[in-house]
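Please model the entire structure based on the sequences and the hints provided.
Here our numbering runs 54 ahead of the position in the sequence shown, where the first position is 1.
Hints listed in this document are in silico derivations from the structure and should not be mistaken for laboratory results. What you are looking at is a predicted structure, and each value in this text was computed from that prediction instead of being measured. We treat Cβ as the ideally placed atom computed from N, Cα and C, and that holds for glycine. Wrong hints could be hidden among the right ones.
[As the list claims (entries may be wrong)] Restraint ranges, calculated between C-beta atoms of paired labels, are given here:
(1) I59 / S105: 33 to 39 Å
(2) S153 / I85: 21 to 27 Å
(3) L173 / F94: 41 to 47 Å
(4) I59 / G122: 22 to 28 Å
(5) Y116 / E141: 25 to 31 Å
(6) Q95 / G122: 40 to 46 Å
(7) D56 / V166: 37 to 43 Å
(8) I85 / A106: 15 to 21 Å
(9) R99 / T61: 46 to 52 Å
(10) F94 / Q170: 45 to 51 Å
(11) K118 / E97: 54 to 60 Å
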Amino acid sequence: QDSTIETVMTWSADSNIRVAPHSRANAELVITEEEYSADFQVEVRFSGRISAAICRRDNHAYVKFIDGDIARIFQEGMKTGSSSQFEIFENSTVRTIMSGKCAFRFGVEQHVTVEQDRLTSSAEQPPRYHAIIPNSH
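Rendered as structure tokens:
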């Protein structure tokens, strides 16, 4: 059973916000997302002729050469008793069902909300910073 997980989340907002003198601004980026999840099944069918050299997995040693109708080759393989997820359809087509789950989120829209307030004269002034230089004696 195979599994694939991929995650990519990148957001950016390029906004110019002008703030009036003696004012403060609060900018908020709002992103609206949607989520989707589903189970799915896909029917895969293939037919035709195949030519293949069969080799050992461990040392790649040649075992035999197969040439013929792919449905007949699968049919012979299924007779050996190995359980298979494949079936022969209409005597000439190999068929299998693949199923899985998908889930993802995606951005639908984004916007920037800006609120500005005038600073009152009683508002606290920003702190002043002074360099502290140690005495060297």
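Regarding I85 and A106, is the given constraint of 15 to 21 Å on their beta-carbon distance met? Violated, at about 51 Å.
Taking 46 to 52 Å as the hint, is the beta-carbon distance of R99 and T61 inside that range? For R99 and T61 the Cβ distance comes to about 32 Å; the hint is violated.
Y116 paired with E141, Cβ distance criterion 25 to 31 Å: holds, 30 Å
Check the following: the C-beta atoms of S153 and I85 are separated by a distance inside 21 to 27 Å. violated, 33 Å
Using the beta carbons of L173 and F94, state whether their distance is inside 41 to 47 Å or not. For F94 against L173, whose Cβ atoms are near 57 Å apart, the range 41 to 47 Å is violated.
Measuring from beta carbon to beta carbon, are I59 and G122 in 22 to 28 Å? violated, 39 Å
Beta-carbon spacing of I59 to S105 - inside the hinted bounds 33 to 39 Å or not: With Cβ atoms ~36 Å apart, the hint holds.
Is the distance from the Cβ of F94 to the Cβ of Q170 consistent with 45 to 51 Å? holds, 49 Å
Indicate whether the distance between the beta carbons of Q95 and G122 respects the range 40 to 46 Å. At 30 Å between Cβs, range violated.
A range of 54 to 60 Å was offered for this pair. Does it hold for the Cβ distance of K118 and E97? violated, 31 Å
At the C-beta level, are D56 and V166 separated by a distance inside 37 to 43 Å? Taking Cβ atoms as reference, D56 and V166 lie about 41 Å apart, which means the hint holds.
Against the hints set out earlier in the document, violations occur for numbers 2, 3, 4, 6, 8, 9 and 11.
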